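Participant: Quick note, the sequences are listed as chains A and B, same order.
The numbers in my numbering rise by one with no breaks, and the one at position 96 of the first sequence is 96.
The numbers in my numbering rise by one with no breaks, and the one at position 210 of the second sequence is 210.
Accuracy of the hints is not assured; some may be wrong.
[Claimed, not checked] Subject to a maximum C-alpha distance of 27 Å in a straight line, what follows is the list of computed DSSO-like cross-link-like pairs (lysine-lysine):
hint, chain 1, residue 1, chain 2, residue 2
1, B, Lys-472, B, Lys-430
2, A, Lys-5, A, Lys-165
3, B, Lys-472, A, Lys-139
4, B, Lys-160, A, Lys-122
5, B, Lys-472, A, Lys-122
6, B, Lys-472, B, Lys-279
7, A, Lys-139, B, Lys-430
8, B, Lys-60, A, Lys-139
[Said to hold, decoys possible] Where chain A lies over chain B, by a calculated footprint (3+ residues, C-beta under 8 Å):
hint, segment
9, 48-54
10, 416-426
11, 440-450
Simulated from the structure, these hints should not be mistaken for laboratory data.
Bear in mind the structure is a predicted one, so any value in this text is a computation, not a measurement.
Just so it is clear, CB atoms sit at the ideal spot from N, CA and C, and this is done for glycine as well.
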Amino acid sequence: MLEIKGLTAEIDGKEILKGIDLTIPQGEVHAVMGPNGAGKSTLSYVLSGREGYEVTGGTATFNGVDILAMEPEERAAAGIFLAFQYPVELPGVGNANFLRTALNSLRRARGEAELDAVQFLKQARAAVKKLAMSEDMLKRNVNVGFSGGEKKRNEILQMTMLAPKLALLDETDSGLDIDALRIVAEGVNASRGPDFSALVITHYQRLLDYIVPDHVHVLADGRIIRSGGPELAKELEAQGYAGIIGEAAEAA
Amino acid sequence: MPAVAETLETVRSVTGSTYKWGFETDLEMDLAPKGLNEDTIRLISDRKGEPEWLLAWRLKAFAMWQKMEEPHWAKPGYPVIDYQDIHYYAAPKKKGSGPKSLDEVDPELLRTYEKLGIPLKEQAILAGVEPGDEERLPMAVDAVFDSVSVATTFRSTLAKAGVIFCSISDAVREYPELVRQYLGSVVPAGDNFFAALNSAVFTDGSFVFIPKGVKCPMELSTYFRINAKNTGQFERTLIIAEDGASVSYLEGCTAPMRDENQLHAAVVELVAMDDAKIKYSTVQNWYPGDSEGRGGIYNFVTKRGACRGARSRISWTQVETGSAITWKYPSCILIGDGSVGEFYSVAVTNNHQMADTGTKMIHIGRNTNSTIIAKTISAGHSDSTYRGLVRMMPKAQNARNFTQCDSLLIGDQCGAHTVPYIESRNPSAKIEHEATTSKIAEDQLFYCRSRGLSQEDAVGLIVNGFCKDVLKELPMEFAVEAQKLLAISLEGSVG
Ligand SMILES: Nc1ncnc2c1ncn2[C@@H]1O[C@H](COP(=O)(O)OP(=O)(O)OP(=O)(O)O)[C@@H](O)[C@H]1O
Ligand SMILES: [Mg+2]
């Protein structure tokens with residue numbers, strides 16, 4: 001279970017998160033929507049421990065453990081995975097090598113045996129196939145020269161291989177074609193279960209037709225201003241953010 | 001702490017203590033008195049039982065050296081070297097003389113090489129390779145300890161194929177005509193200050209001769225070890241590949257950690273005849289000095305290959321992680337029509353290390369082709385310069401060069417410089433040059449760490465990615481070793 005209470009954070013002295021309260025029980029998928037610049041990516045970075053994102057107040061625990069004090073790699077070992085809005089290129093680093101290094105780092109941290117090249121490749125090939133990716137992607141350098149959609153699929157490939165307990169998906173649907181969207185959603189749905197939860201950041205209701213969330217939250221100007229069921233996404237799609245932000249301001 | 005600062009911190013924590021090869025072997029030594037004069041040279045020549053002509057050659061080189069100025073043109077400056085304060089000959093005392101078989105080698109020496117991961121046993125393969133990897137061919141090793149070669153393995157196996165692989169001292173005794181024909185033919189005794197010094201006092205190194213049409217049946221390698229205090233090592237290596245012959249040769253080197261600087265001034269000459277191929281790889285890991293810049297090896301080296309024959313090919317691949325100061329420009333003289341010269345280099349500097357390295361490609365023949373790929377990684381307070389010359393001579397019709405120089409900076413206390421010299425005297429020649437400078441980006445580190453990699457593993461992965469185009473040119477087992485070495489040079493704890 002992810003529990004965020006009164007979380008505030010700043011970048012370069014500028015307050016971006018202004019008090020986030022959000023609880024995602026184990027097994028649930030929550031969607032976060034909100035206007036550009038609202039702080040959605042910031043929230044995902046703060047949860048995964050990016051440098052420069054300074055927490056100024058509040059708490060965040062995962063299964064009862066304070067994650068804010070942990071290094072990024074420790075959070076990864078605890079089962080948190082961030083699918084980047086803008087996946088990063090690693091020139092000269094083979095995708096398979098990267099995946100195997102990552103997977104074995106996690107296994108080591110968890111006291112599990114490392115996978116040898118053969119075991120790993122078997123798993124990787126199966127995952128690639130499931131995501132309808134070409135095996136070529138394993139041989140290429142991490143995200144280098146990948147199309148926007150390929151990068152997003154590669155994030156999901158990593159998620160599938162690393163099998164996190166909590167996935168933070170930051171606009172994984174942007175840049176995906178219709179087929180890819182469906183495949184990626186299937187990837188997420190396949191992971192769903194009592195030991196998996198996800199925070200899905202998106203701008204589009206369409207993704208939520210495939211990945212039906214348990215709850216939808218609206219993040220605006222560093223605060224969650226409204227929460228509801230899947231129907232909230234539909235309402236937003238129809239009316240935009242202006243109305244909701246107005247209501248929230250009146251209520252405050 | 002921001003990621004980059006943390007990386008710097010990690011890098012700073014790398015001190016001499018992470019240099020795993022810094023131990024000293026306690027042996028009874030035969031040591032020439034300190035100082036350099038004609039008597040020193042006579043002593044060296046005498047200890048090696050050399051013919052008269054070679055002593056004369058040395059003395060002539062010494063006379064030239066005395067008239068030469070020590071160069072101070074390169075970026076790395078260094079304190080004045082007192083050439084009279086160095087031992088020019090240091091050899092473990094032998095129990096009796098005569099040909100060295102492995103059983104006669106001092107067990108203390110065998111243990112030293114074992115500790116260095118270089119078992120001098122014929123069935124053994126070089127350590128540092130992960131077990132379980134695919135089977136590898138054995139590798140022949142020439143082990144040079146201070147001023148002498150203490151053992152050369154697989155000599156008889158190689159001899160069956162017609163290949164000569166032995167120490168240059170043995171070659172002088174056993175194949176004097178060959179040595180006389182080629183020694184100094186690529187790097188003349190008076191070529192430069194350090195080459196002249198080397199020609200006067202060179203002690204040991206390897207000799208390789210691959211006869212016509214022979215593909216050398218195994219990798220050859222020489223492992224250089226400086227052990228004694230206050231000594232210089234003056235390595236001399238000569239490799240000859242006759243028509244259609246080919247060979248892959250690798251050198252490695254380490255030294256104990258000491259507070260004073262020590263000099264390694266080598267000369268390496270390669271000769272490739274028609275259709276011959278020489279692949280020369282170096283993993284240079286001399287003691288780099290401590291984190292304050294105390295101690296370390298001065299590595300002043302002249303390496304040059306002559307592609308004398310048509311379609312001959314010489315490739316230099318180097319991974320330079322050690323030494324306090326490195327000056328080194330492995331070069332190719334492309335004489336034969338259609339000959340090919342290649343230079344692949346990774347130079348890592350950390351703490352207060354300085355490296356000024358690069359290559360010279362001299363295109364003389366028609367349709368000659370050269371490729372230069374140089375990767376420079378600087379961390380700490382170190383400074384690294386790529387210095388390269390591409391010269392197209394008037395007859396080098398349709399000659400081609402491609403040069404790519406990439407620098408990677410870790411932190412903001414270090415420097416990287418690229419100094420390309422290009423001279424074209426043939427209008428049909430084509431020269432391409434690309435250069436980039438980058439830093440390990442914070443987002444790359446975070447991306448890796450968010451996937452579970454430690455900071456150190458992330459740096460190692462990114463650095464190895466940066467060097468991939470060069471590392472893939474190394475023989476497989478050394479690529480693995482070089483990758484580890486890169487990580488160690490930059491981190492201290494990754495291995
Ligand atoms: N390094 C920085 N310095 C100053 N401001 C920053 C920095 N990084 C992000 N911000 C600001 O923080 C705010 C929140 O950014 P964030 O990326 O979290 O938005 P978002 O909700 O993910 O938007 P989008 O939907 O466009 O992805 C924005 O106003 C952005 O300009
Ligand atoms: Mg965003």
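Participant: Confirm or reject each hint.
Facilitator: Hints versus structure:
Between Lys-472 (chain B) and Lys-430 (chain B) the alpha-carbon distance is near 26 Å, which keeps this suggested pair within the 27 Å criterion. Of the supplied pair hints, the one linking Lys-5 (chain A) and Lys-165 (chain A) holds, its CA atoms being roughly 20 Å apart against a limit of 27 Å. Distance hint between Lys-472 (chain B) and Lys-139 (chain A) is fulfilled; the C-alpha atoms sit about 15 Å from each other, no more than 27 Å. Distance check on the hinted pair: Lys-160 (chain B) and Lys-122 (chain A) sit about 45 Å apart at the alpha-carbon level, beyond 27 Å; violated.
Simply put, Lys-472 (chain B) and Lys-122 (chain A) have alpha-carbon atoms about 25 Å apart, close enough for the 27 Å limit, and the pair holds. Of the supplied pair hints, the one linking Lys-472 (chain B) and Lys-279 (chain B) holds, its CA atoms being roughly 13 Å apart against a limit of 27 Å. The straight-line distance between the Cα atoms of Lys-139 (chain A) and Lys-430 (chain B) is roughly 33 Å, outside the 27 Å bound, and the hint therefore fails. For the suggested pair Lys-60 (chain B) and Lys-139 (chain A), the alpha carbons sit about 57 Å apart, so the restraint of at most 27 Å is broken.
Only when three residues or more bring their CB closer than 8 Å to a CB of chain A does the claim for the segment 48-54 of chain B stand; here the count is 0, and the claim is violated. Counting residues of the segment 416-426 of chain B whose beta carbon lies closer than 8 Å to any beta carbon of chain A gives 0, which falls short of the minimum of three for the stated coverage. Coverage of a stretch by a chain is defined here by at least three residues with a beta carbon nearer than 8 Å to that chain's beta carbons; for the segment 440-450 of chain B and chain A the count is 9, and the condition holds.
Violated hints for the displayed structure, listed by number in ascending order: 4, 7, 8, 9 and 10.
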